[in-house]
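Colleague: Residue numbers (my numbering), protein chains in the order written: chain L, 15 to 194; chain R, 473 to 927; chain A, 30 to 223.
Some hints here could point you the wrong way.
To be clear about the criterion: a stretch of chain R counts as covered by chain A if any three or more of its residues have a C-beta under 8 Å from a C-beta of chain A, and this derived list gives those stretches [stated by the list, open to error]: (1) 654-663; (2) 760-773.
With the C-beta cut set under 10 Å, the calculated list includes, among others, these residues of chain A facing chain R [claimed, not checked]: (3) Thr103; (4) Val106; (5) Val115; (6) Ala120; (7) His139; (8) Ala171; (9) Leu178; (10) Leu189; (11) Leu193; (12) Val199.
These are calculated hints, taken from the structure and not from any lab test. Cβ atoms here follow ideal geometry from the backbone N, Cα and C, with glycine treated the same way.
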Amino acid sequence: MGLESVSHNFLTARVEDLVNWARKSSVWPATFGLACCAIEMMGAGAAHYDLSRWGMEIFRASPRQADLMIVAGRVSQKMAPVLRQVYDQMVEPKWVISMGVCASSGGMFNNYAIVQGVDQVVPVDVYVPGCPPGPETLMHGILTLHTQIQNGEIFKRRAASTGGGAAIEIDQRDGVPSAV
Amino acid sequence: MTTEPKNSVDELVEVDDTDLLERAELDHDPEERRLEAQTDEGAQQLRPLAGESRTKELVLTGGPWPDVDDTMILNMGPQHPSTHGVLRIMMELDGETVLRAKPVIGYLHTGMEKTGEELTYVQGSTNVTRMDYASPLSNELVFSLAVEKLLDLELPERATWIRMLLVELNRMSSHLLFQATNGMDLGAVSMMIYGWREREYTLRLLETITGLRMNHNFIRPGGVAADLPDDWQHDVLELCEQVERGVAEYDTLLSENPIWRERTVGVGVITTQEALALNATGPILRSTGFAWDLRKAQPYLAYDDVDFDVIYTTNGDVFDRYQIRLYEILESIKIVRQCVEHMPGGDYRVQDRKVTPPPRARIDESMEALIHHFKLFTEGFRVPAGETYVAVESPRGEIGCYLVSDGTAKPARLHIRGPSFYNLQSMDAMVPGGMFADAVAVVSSIDPIMGEVDR
Amino acid sequence: MADGDANAREEDHEVEGGTEGEAPAIPSDEVAAALVERFPDGVFAESHGQPVVYVPLGEWHDVAAFLRDEQEFTQCVDVTGVDLLVAPSRALPEGVTGERFEVVANFLSHARNRRIRVIAQVPVDDPTIASITDLYPGVNFAERETYDLYGVEFAGHPDLARILMPDDWVGHPLRKDDAPARVPVTFKGDPSPR
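Next comes chain L alone, as it looks inside the complex (with noise of 0.2 Å):
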């Protein structure tokens, strides 16, 4: 992956800040709506709440055509392989925002068959609060996803952690996920 690999100093800064204003001008979702968040993320796309603004509009089927999953919805312990693996179809650089409280930490549903946080499975950028959040609320996410990608934050952020995200081993190409 081109960024990191790069060394950061005085002269790559302004190609950095040109490559992260171009990726975050223009993030396409995956279509990952799970249940009632998926009803607001589906209102934020359209007209009164517009994410066209931000070139957000499109939300792709297919994965590896998209840049961000919001994980909109309960996640429950059928679809959970089915969510990482739509995560590891998506191509670098990818973000995860994790949508409603259900995403981020099971929410009201603390039993067997929710997964307690979609971070139990993918690492996550953004988590939005709300049963469902609104789309105000949920745009106020993307725009912390968007001042994280123009400061070029995540990247730093995942070099740092112990894995996932940016930082993927080589030997996750196999298709076996690793630990994270």
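Add chains R and A to chain L, keeping to what the hints say.
Modeller: The following block gives chains R and A in isolation, referenced to the frame of chain L:
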């Protein structure tokens, strides 16, 4: 061997794969004859072979094309834009024709019925409301009616009429959601935006009344959580006008549209016998010519005091279900207008302090009110042992609540009969025999909400 | 476009009478009366105005056939299970020995505009009951769900497999002694489950 430049526009190349062995034994090689007929100009001009067809035969080695009828198993979902949530359909295809379709569900199983046994009856609404998240007030209504039945509680009139107003507004927003997603699934992407525009108006009104856009937790056992806000009549009537204009627009856009009709008329046909046998209710059953609507047949709330029609059609195809839901929006508007006219005064919830909490201001004044409030929100209220099944008409069909109480403050069993759970079985009658693209139209017309399918 | 003839509430169909409290109760609902007459081991109970008949486990299929063929009950609206392991009190009428599981079926007759509920007691050591999918194909999913979440087996079901839980799940979550209603959550300072 010289290769001649082909004037490919003129030449017709045909592959004839039937008598391959026979042709290989022909005496004359057409290529040779072609070379003989060449002119002095060399290879620039190619004269047609006299008395011969202009087709060039290609000789294939090997046997004839194997005559195997392999069918293909295709997996659609659970992550797919056209499946209304996490529905997985395994289809066996013969070319484009669907031979069998098997829905695989459970990707949104939330253990809500188990959580329902853990939450008190006061908290139950918050749980149940997230099952059918497109029409949450119907879930809350059926749960509250079941609890009130077990308590043998009689509600004040205003509570009943407020509930009816809210449930009909929810029916409107759910059907608008259907129009939007149905349009988008079939390719009319602008329908998504139009449907959401009207739905936004409805959700804003619901927000002023209930406090939330979705998953309201407003209809609770004993009545509703709060009274209607000031000047609600004006807001509601304004909404009705806006939605009516929207519905007229969708009608103009889609109903006579030849592309829309081509994709929906005659697609996914189901008969009354099939629908009844497969336990389909709601618009699916009404599209077959069987006008069964629980609001008319087994009235609850105050539906026998309002005047409305049951919309039904006879063809049982996708277009009919679209039309039914479109006109049901107008019927809901009719009911809502009557609610505005006839809304009675009085209490918005029953005054029994063992069931509904006291007003917040009273807590500062009265010790008893404080105790009631405390007991209700920590322990909840006890319901005598018994069991009951209550059913109402949700936008998807018959939603029922089977509630078993064991004398404690939490249910022994809370089961919601989700209409989409049973409606999905009607895919068996509608999808096989059709094209693969029609399967998307059919699933969209069933309008399943996976929250109540999987619970 | 209105449906005019089926406007009556279900309560209006009931015949007055019926004495509860003394065993056995005389059914106040004509369908329940016919059912108890045909299946003498069935016990009628009235649950808040709704007719319920508790039938023996072995007669489950015959009762459903009777309701469909002779009593015009077009749809079996819902089949579900109940686990009463920890219930301190149950509303069981005289003459019914309660088991741990109950299988409940709600029937609806469009033509007669009435409902009836049928309940069978299922013991935990042999949780098998007849499947009524051959009579009512629409309960296919419901019986699978009851099997998945309770472990009650429906004999004669064409495809009795798990439907809501993953295929390799062990256990039956809605049983009271199986999956807990609250699971410990993995974060620091997590209060212990109630």
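Colleague: Run every hint past the structure and note whether it holds.
Modeller: For each hint, the structure was consulted:
Remark: the stretch 654-663 of chain R is not confirmed as covered by chain A, as 0 of its residues place a Cβ nearer than 8 Å to a Cβ of that chain, below the required three. Under a criterion of three residues with beta carbons nearer than 8 Å to beta carbons of chain A, the stated coverage of the stretch 760-773 of chain R is upheld, 8 such residues being counted. This hint holds: A/Thr103 has a C-beta 5 Å from the nearest C-beta of chain R, less than the 10 Å allowed. Taking 10 Å as the C-beta contact cut-off toward chain R, the hint placing A/Val106 at the interface holds, the least distance being around 6 Å.
Look at A/Val115: its Cβ gets to within about 8 Å of chain R, closer than 10 Å, so that hint holds up. A hinted interface residue such as A/Ala120 counts as satisfied when its beta carbon comes closer than 10 Å to some beta carbon of chain R; here the least separation is about 5 Å, so the hint holds. Restraint check, A/His139 versus chain R: the minimum CB separation of about 6 Å is within 10 Å; hint holds. For the restraint placing A/Ala171 at the interface with chain R, the shortest Cβ-Cβ distance is roughly 7 Å, inside the 10 Å limit, so the hint holds.
With a least beta-carbon distance of about 8 Å to chain R, the hint placing A/Leu178 at the interface is held under the 10 Å criterion. For A/Leu189, the suggested interface contact is broken, since its CB lies about 15 Å from the closest CB of chain R, more than 10 Å. Of the supplied interface hints, the one on A/Leu193 holds, with its beta-carbon coming within about 4 Å of a beta-carbon of chain R, less than 10 Å. Taken as an interface hint, A/Val199 does not check out: its beta carbon lies about 15 Å from the nearest beta carbon of chain R, beyond 10 Å.
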